[in-house]
Each structure stands twice: as C-alpha cells, then as structure tokens.
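Novice: Sequence:
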Amino acid sequence: MQYLETASGRRLAYNKFSGRRTGVVFLGGLRSDMTGSKAMHLEAWARRSGREFLRFDYSGHGASSGAFTDGCIGDWAEDAMAAIDALTEGPQVIVGSSMGGWISLLMAKHRPDRMAGLVTIAAAPDFTENGYWKAWDEARRKELMEEGQVSLPSEYGEPMVITKRLIEDGRDHLVLDAPLKIDVPVRMLQGTADKDVTMDVALGLLDHVEGADIRLELVKGADHRFSDPDCLGTITRAVEEVLIRG
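In UniProt numbering, the protein residues as written are 1 to 246.
To be clear, the hints were calculated from the coordinates, so they are not data collected in a lab. One thing to keep in mind: the hints can contain errors.
With a straight-line Cα cutoff of 20 Å, these simulated SDA-like cross-link-like pairs (lysine to any residue) come out [said to hold, decoys possible]: (1) 164 / 148; (2) 220 / 232; (3) 164 / 199; (4) 220 / 200; (5) 134 / 165; (6) 164 / 152; (7) 164 / 181; (8) 164 / 154; (9) 16 / 243; (10) 16 / 78; (11) 220 / 199; (12) 195 / 211; (13) 134 / 154; (14) 195 / 165; (15) 134 / 160; (16) 195 / 155; (17) 195 / 164; (18) 109 / 127; (19) 142 / 163; (20) 109 / 74; (21) 220 / 231; (22) 220 / 236; (23) 181 / 111; (24) 195 / 154; (25) 134 / 178; (26) 142 / 164.
Computed beta-carbon distance windows for the label pairs [unchecked claim]: (27) 178 / 212: 18 to 28 Å; (28) 203 / 7: 34 to 44 Å; (29) 220 / 172: 20 to 30 Å.
Only a predicted model underlies this, so the values are computations on that prediction, with no experimental measurement involved. Backbone N, C-alpha and C define an ideal beta-carbon position, used for all residues, glycine too.
Build out the structure end to end from the sequences listed, making use of the hints.
Specialist: Laid out in structure tokens, this is it:
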C-alpha cells in the first residue's frame, strides 16, 4: 500500500499495478474501501492480463486520512481526480460502483479527456437528493437540519450517518439535472434484485446520458453487492469490451 498527499491536504491510500495501457481505475462506493471483492477481482484480472490498474480509498474511507462524516461528494470526486491525475497517464477506463458511478459521471462531465471508457455497477447518481432527501418525511428533514446529521440503519454493518453537509454538497454535484453527453463506450451493469439502487435508476440514467455507444445490462437476481462469481465475470467482460471499443 502507498499514499498520495493531495493538494487539499488529504492522504489517500492506494495500490497501483503497472502494466500496459490503457489503464483501468476502480472507484468504490459509499463507505466501501479498496479491499472489496470487486476491486480485488479487477486487480487480479489486470495482473493476469498485464493491464495497468489503480484502486484507492477516498478520504474518510479505508486506510485514507480523515473521518467519513467530514466528507461529501465534492471531496470524494476531488480525491478521485487527484489520484487519477497524479498516478495515471492518458485516458483511463473508469469502473464506478454505486457512489463511484456518480463520481465517474462527474469525471465524464468535467474531465472527459481522462476517460477512455466507462463501466458503472449499480450506479447511484444524485442519491443524496433523490435517494435520501426526497424520500424523507418532514420530521427526518428537520432532524438533519437541526442536528446536522441523521443515522440510518444499514444491512452492511453500523448505521449509515448522513450529514447535512453531504446532502447540501450533493446538490452542487448533480448530474441528472442537465444534459450529459459521453463520447466513450459506456457499459452500465445493474442487478434486478438491488434494493439500494433500483432498476428505475439504471433505466433513467440510460435514458438521460447521450452517446453513440451506451448499453445497459440487467442481471436477473443480482443484488447491490454485485459480487458473486457470475457478476464479477460480467464486470471484467464489460471492461474488456470497453477496452476493445474505446
């Protein structure tokens, strides 16, 4: 494991495998880290194929500096762009899982020159607004505004703490409120049994994004983790297809 000191003063843990380009970069989800099954599977695939690969932890995640509750979408997108700028060269294939899918779409919007292709896995664009704020009743919204945070039950372990800053910053980074054109191959992967990011989100994203080579693949019965052997194989197949077509 190595560390990158960013211009913002954050210390990001990362692991990079050097190989042939075009490289692949994995962007994880909210409260996940770079040791998750999808990141490790992709690294193993990259090593077998001799492909350059980068995985890292956002600030407040995994082995990187900072507290999770101090972060927000803008910070984590900044982390991703800092890591890609400092640790890779040329256009990359970005693989974004859940929140990482949102961040990868921000990259497509603001740094298209660094993208050779995009693979999203249960992408969760604008989830702070559409997934949390709009679904909450007035009591929950009032609690957030007065207390500065709310705790939500999570099937992945400890309660999920959602801060006022996360919600308010998310509004500055929405990608579904304006046209979004992506001129590189895009493959969107989505499980039909995903309870965290439902199929209507994936279908809405497919309808929203403009581009000449964009496809959505639904995997019947797959949940939000998208990490069983078949799903992991689907991810690498999508990455390989994007590399060929990019």
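Novice: Against each hint, give a clear statement of whether it holds in the structure.
Specialist: Hints, verified against the model:
1. 164 / 148: holds (5 Å)
2. 220 / 232: holds (14 Å)
3. 164 / 199: Violated, because 27 Å separates the two Cα atoms, which is more than 20 Å.
4. 220 / 200: holds (14 Å)
5. 134 / 165: Holds, at about 16 Å.
6. 164 / 152: Holds: residue 164 and residue 152 sit about 13 Å apart, inside 20 Å.
7. 164 / 181: Distance of about 30 Å is beyond 20 Å: violated.
8. 164 / 154: holds (18 Å)
9. 16 / 243: holds (19 Å)
10. 16 / 78: holds (19 Å)
11. 220 / 199: The given pair, whose Cα atoms are some 11 Å apart, holds under the 20 Å limit.
12. 195 / 211: violated (28 Å)
13. 134 / 154: holds (19 Å)
14. 195 / 165: violated (25 Å)
15. 134 / 160: Answer holds: residue 134 to residue 160 is near 17 Å, not above 20 Å.
16. 195 / 155: holds (11 Å)
17. 195 / 164: violated (24 Å)
18. 109 / 127: holds (17 Å)
19. 142 / 163: holds (12 Å)
20. 109 / 74: It holds: about 14 Å lies between the C-alpha atoms, which stays within 20 Å.
21. 220 / 231: holds (10 Å)
22. 220 / 236: Answer holds: residue 220 to residue 236 is near 18 Å, not above 20 Å.
23. 181 / 111: Holds, because 12 Å separates the two Cα atoms, which is no more than 20 Å.
24. 195 / 154: Cα-Cα ~12 Å, so holds.
25. 134 / 178: holds (18 Å)
26. 142 / 164: Since the Cα atoms of residue 142 and residue 164 sit roughly 11 Å apart, the hinted pair holds (cutoff 20 Å).
27. 178 / 212: 18 to 28 Å: Hint holds: Cβ distance 20 Å, inside 18 to 28 Å.
28. 203 / 7: 34 to 44 Å: Holds, at about 38 Å.
29. 220 / 172: 20 to 30 Å: At 36 Å between Cβs, range violated.
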